[in-house]
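Assemble the whole structure, with the sequences as input and the hints as a guide.
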Amino acid sequence: MKAIGELLRRSGLEALHAKVREGRRLDFDDGMRLYRTPDLTAVGYLANLARERRSGDRTFFVRNLHINYTNICNKLCKFCSFYTAPNSQDGRGYALTPEEAAARVDRYRDESIREIHMVAGINPKLSYGYYLDLVRAVKAARPEAQVKAFTMIELAQIARVAKRPLADILPELQAAGLAACPGGGAEVFSERVHEELFRAKLDNEGWFDVARTVHRAGIRSNVTMLYGHIETPEEKVRHLLHVRELQDETGGFMCFVPLAFDPANTELSHLPATTGYSNLREIAVGRLLLDNVEHVKAFWIMITPGVAQMALWYGADDLDGTVSHYEITHALGTRSHRQVLTVDQLLELSVEVGRIPVERDALYNVIGESRAATAPSNGPGRATGVRRES
Amino acid sequence: MTHPLDDIEDKVLTGERLSFEDGVRLFQQANPLQLSTWASLVRFRLHPERRVTYVVGRVINYTNVCWVQCKFCNFYRLPGQEGGYVLSREAVFEKIRELVNLGGTEVLIQGGLNPALKLEYYENLFRAIKANFAVQIHGLSPVEIIYLAKTSQLSERDCLARLQAAGLDSIPGAGAEILVEAVREQIAPYKNSAAAWLDLMRTAHRLGIGSSVTMMYGSVESIEQRVEHLVRVRALQDETGGFRAFIPWSFQPEGTHLGDVKRASGFDYLRTVAVSRLMLDNVPNIQSSWLTQGPKLGQIALQYGVNDMGSTILEENVVSKESVFMVPLSEIERLITDAGFVPARRNTTYEILPLPSGPATHAAA
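If you read the protein sequences in the order shown, they are chains H and Y. The opening residue of the first sequence carries number 0 in numbering that gives the first Met the number 0; numbering runs sequentially from there. The opening residue of the second sequence carries number 0 in numbering that gives the first Met the number 0; numbering runs sequentially from there.
Hints were generated in silico from the structure; no laboratory data involved. It is possible that some hints are incorrect.
[Unchecked claim] Over 12 Å on every C-beta distance to chain H, these chain Y residues come out as not near it, computed from the model:
hint, residue
1, Gln28
2, Gly82
3, Ser192
4, Ala234
[Unchecked claim] Some chain H residues well away from chain Y (every beta-carbon gap over 12 Å; in silico):
hint, residue
5, Lys74
6, Arg215
7, Ser277
8, Gly305
9, Asp360
[Said to hold, decoys possible] Residues from chain H that face chain Y, not an exhaustive set, calculated with beta carbons under 8 Å:
hint, residue
10, Lys1
11, Pro37
12, Gly43
Note that the structure is predicted; figures quoted are calculated from it, not measured. C-beta: ideal position from N, C-alpha, C; glycine also.
Now the structure itself:
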């Protein structure tokens, strides 16, 4: 494309283009440049090069359901509208028994489910035995699904109530049915942000220590970044480079998930919501800086289906695929522009934009090309390589 | 390596006009990054500054009585049906007063084909507005004017000339839908033809009344019919030069008689915006339709050829209630700034207005 060459020149991203083309690693200054250039198309083009090199025109999705087993939490994070404090009298607090959690799973017995995604608050009343029983119960309710559960924050709590080192209890959780860990709770690795927004939560180094231990136990996880609150571009670049460093060490991260902060009903409700530009840019920068993480997810529930569809050309190669509603986002208030999509509708969006949906399990093993998805004979072709015959 | 769209890219780079077939191929084969790159190239050729404009205006739906029964509309009431209204002069003035107090300059006056209202009603209304407020009247879609000329037994030219003399500054490009008869017969069988719509605009432009032009895609039309729409707009623009802006927006199926039509996707919106920018080489401005697309896609459209965010729209009743986004002025400015552009206010005729004095309107970024 001659025009894109011109665009990259104008945006001052030529040197970066050369690095991306040759598969060389980007540095801190490159990351800052990607955040600062106003030309989102140029950034998207580079991210798409990296995306297509790894995944071609495939887009991964998983049929999963979300269980938030308790909303009681003692971390009091300012960006959260989901939690209720342990001593709160507001009557909103709940903790599902393992049987209740299993019953939730059973509600979806008629749907194909490959992953049970389970995260929740830090509820000091829950014992170590509870967590083991919880995993066993949901696994027993749906043996063919993989249990992806517990953020690093929850794992630190589980070790605390077990009064044993995390490395000792991880094999027991695995034996109970834990297959992988989600990437939440990473927020932004910055002492300043940690101090201001989530000081009671595990700090940056603590998060990494837990992730390292988890990966060493042979459990793979995702990693997130919460953006759109008080963080700076510098802090985001450092976050991503920090993730990349640990990934060099352990190789345990499967997918990077940028999480768009929704200020509604939080202590930060004076902040504006994230924009479409920022949603695409965070995905693109993540894809470019994290050269050692296989996948980048566009979580449509947070960024809207339309933006998630476009994200498949700005670095994302994973669309999630939740079949149940997502309670944490639900608690964040409903907006009129939030659409509810079935998995099949989501796959149609992918096909329409020229990306072939591939069903995966929690560990990114390919299950098969989707039934809903046959690539259109006439549709957008890949930017790199030879496009399909039309 | 050659790419099947290389010839189109060469035309875009040299500024050569794209053909009907080029438009169809862009719709069917171009990927988002190509569309964005090429549309932006044309956008910056026409508007080299990193500026995005908007107008502070409001819609006044002076009546909801209409006999046309368009299948995509959930706003109208038939003459005599319960719930029909015509706004009083006082109600109209109150709305304009609110607008002027907020620094607004554009009054978009639109309603339905109400057989009870004659030309004199509009003349008196426009004169009264102009006598009392420093605003521009962007009003009456072609459908309304054609009907008014007919019921007033005047030629369209004479009807337009009288409206112009009374204060009409500009005509919104509404009701264009898809300017292809086969599509109009399906979605708005009682509405006037594509040729009649274009004729009315031709007459208005010749009198010196500029206009915008819309395209409502995503109902029952084919890709070829979308491109046909663009080609017909371009041909009239070659003749008159009277179109100031093109506004594509997607059909909103909820609550209409075409409720089983699937809502058009984000990619469909952005590719339609981009192909419009590329095909309409003679229309100066492409407007975002964040009202129907939401602020996220409405902003991303700035990367697909859009250079104008349209009106702040203090009121809008025609589009399905669920799809309406009332984005405040500060939010429009934030979206523009966040995308790396400089916001600028304009009037209906696209002249840049000085920044308003008084409290800053920018939200903290």
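Notebook entry, point to check: Does the claim that Ala234 of chain Y lies off the interface hold, with its Cβ farther than 12 Å from every Cβ of chain H?
Noted result: 27 Å, holds
Note to self: Confirm or reject: Gly305 of chain H is not an interface residue toward chain Y, with every Cβ-Cβ distance exceeding 12 Å.
What the structure shows: 2 Å, violated
Notebook entry, point to check: Checking the smallest CB distance to chain Y, is Asp360 of chain H really beyond 12 Å?
Noted result: 27 Å, holds
Notebook entry, point to check: Are all beta-carbon distances from Lys74 of chain H to chain Y longer than 12 Å?
Noted result: For Lys74 of chain H, whose nearest Cβ neighbour in chain Y is about 27 Å away, the distance exceeds 12 Å, so it holds.
Notebook entry, point to check: Far enough from chain H: is every CB of that chain over 12 Å from the CB of Gly82 of chain Y?
Noted result: 23 Å, holds
Note to self: Can you verify the interface hint for Gly43 of chain H: is its Cβ closer than 8 Å to any Cβ in chain Y?
What the structure shows: 6 Å, holds
Next item on the list: Against chain Y, run the beta carbon of Pro37 of chain H and see if the smallest gap drops under 8 Å.
Entry: Nearest chain Y Cβ about 3 Å off; hint holds.
Note to self: Quick check for students: does the CB of Ser192 of chain Y sit more than 12 Å from each CB in chain H?
What the structure shows: Fine: 31 Å to the nearest Cβ keeps Ser192 of chain Y off the interface.
Check: For the hint on Lys1 of chain H, does the least C-beta distance to chain Y fall short of 8 Å?
Finding: With Cβ-Cβ at 6 Å, under 8 Å, it holds.
Notebook entry, point to check: Does Arg215 of chain H sit more than 12 Å from chain Y, CB to CB?
Noted result: 40 Å, holds
Checklist line | Given as non-interface: Ser277 of chain H, which should sit over 12 Å from chain Y by C-beta | finding: For Ser277 of chain H, whose nearest Cβ neighbour in chain Y is about 7 Å away, the distance does not exceed 12 Å, so it is violated.
Item checked: Outside-interface status for Gln28 of chain Y - nearest CB in chain H farther than 12 Å -> 6 Å, violated
In summary, the numbered hints that this structure violates are 1, 7, 8.
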